[in-house]
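Undergrad: Taking the working numbering, I'd label the letters of the sequence shown as residues 116 to 253.
Think of the hints as simulated: they come from the structure by calculation, not from any bench.
With a Cα cut of at most 20 Å, we get these calculated DMTMM-like pairs of lysine to aspartate or glutamate:
| no. | residue 1 | residue 2 |
| --- | --- | --- |
| 1 | Lys219 | Glu196 |
| 2 | Lys137 | Glu225 |
| 3 | Lys137 | Asp234 |
| 4 | Lys137 | Glu149 |
| 5 | Lys197 | Asp170 |
| 6 | Lys197 | Glu169 |
| 7 | Lys219 | Glu198 |
| 8 | Lys219 | Asp201 |
| 9 | Lys137 | Glu169 |
| 10 | Lys219 | Asp192 |
| 11 | Lys219 | Glu242 |
| 12 | Lys197 | Glu160 |
Pairwise CB distance ranges, derived in the manner of DEER restraints:
| no. | residue 1 | residue 2 | range |
| --- | --- | --- | --- |
| 13 | Glu242 | Arg141 | 15 to 25 Å |
| 14 | Lys197 | Ser232 | 27 to 37 Å |
| 15 | Arg118 | Thr185 | 27 to 37 Å |
| 16 | Asp212 | Ser238 | 16 to 26 Å |
| 17 | Arg144 | Glu213 | 25 to 35 Å |
| 18 | Ile209 | Arg118 | 30 to 40 Å |
| 19 | Ser232 | Asp212 | 17 to 27 Å |
| 20 | Arg141 | Glu198 | 30 to 40 Å |
| 21 | Arg119 | Gly181 | 29 to 39 Å |
| 22 | Pro211 | Arg118 | 28 to 38 Å |
| 23 | Asp145 | Asn184 | 24 to 34 Å |
| 24 | Glu196 | Pro229 | 25 to 35 Å |
Positions of the beta carbon are idealized from the N, C-alpha and C atoms, including for glycine.
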Amino acid sequence: MERRIRILVAKPGLDGHDRGAKVIARALRDAGMEVIYTGLRQTPEMIVNAALQEDVQVIGLSILSGAHNTIVPRVMDLLHEKEMNDVLVVVGGIIPDEDAAQLKQIGVSEVFQPGASLDSIVSFIHENVRFEEIPVGE
Numbered sequence: 116m117e118r119r120i121r122i123l124v125a126k127p128g129l130d131g132h133d134r135g136a137k138v139i140a141r142a143l144r145d146a147g148m149e150v151i152y153t154g155l156r157q158t159p160e161m162i163v164n165a166a167l168q169e170d171v172q173v174i175g176l177s178i179l180s181g182a183h184n185t186i187v188p189r190v191m192d193l194l195h196e197k198e199m200n201d202v203l204v205v206v207g208g209i210i211p212d213e214d215a216a217q218l219k220q221i222g223v224s225e226v227f228q229p230g231a232s233l234d235s236i237v238s239f240i241h242e243n244v245r246f247e248e249i250p251v252g253e
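Working from the sequences, and respecting the hints, build out all of it.
TA: And the structure:
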């Protein structure tokens, strides 16, 4: 039996532009992933709590507001506090190269900037999600 990748797609902060996040969510769903979309104006605490409750392998953050240097580190800190270090975090949006490098240094797996193809996002997630080994008989 093949396990489906569960991904939480979130729009943190005050950014009200969600068309891109919805396009990504649909592409991920069409690629066979189970997508939980949180909607607009999510706090880091709301995002991490939802990820924990939904038992996701991936969190995708869509940020167009310029608040990525504040929001993403807080999400990463909360994931660490909750011992959710196995959750893959990807970020998409208008993020300068130097900021993208800093986000990767704090644990973000990949940053997808404008122009990234849906196929590249889907492929990256498929190639980088690791499922825990489940012992036979459980």
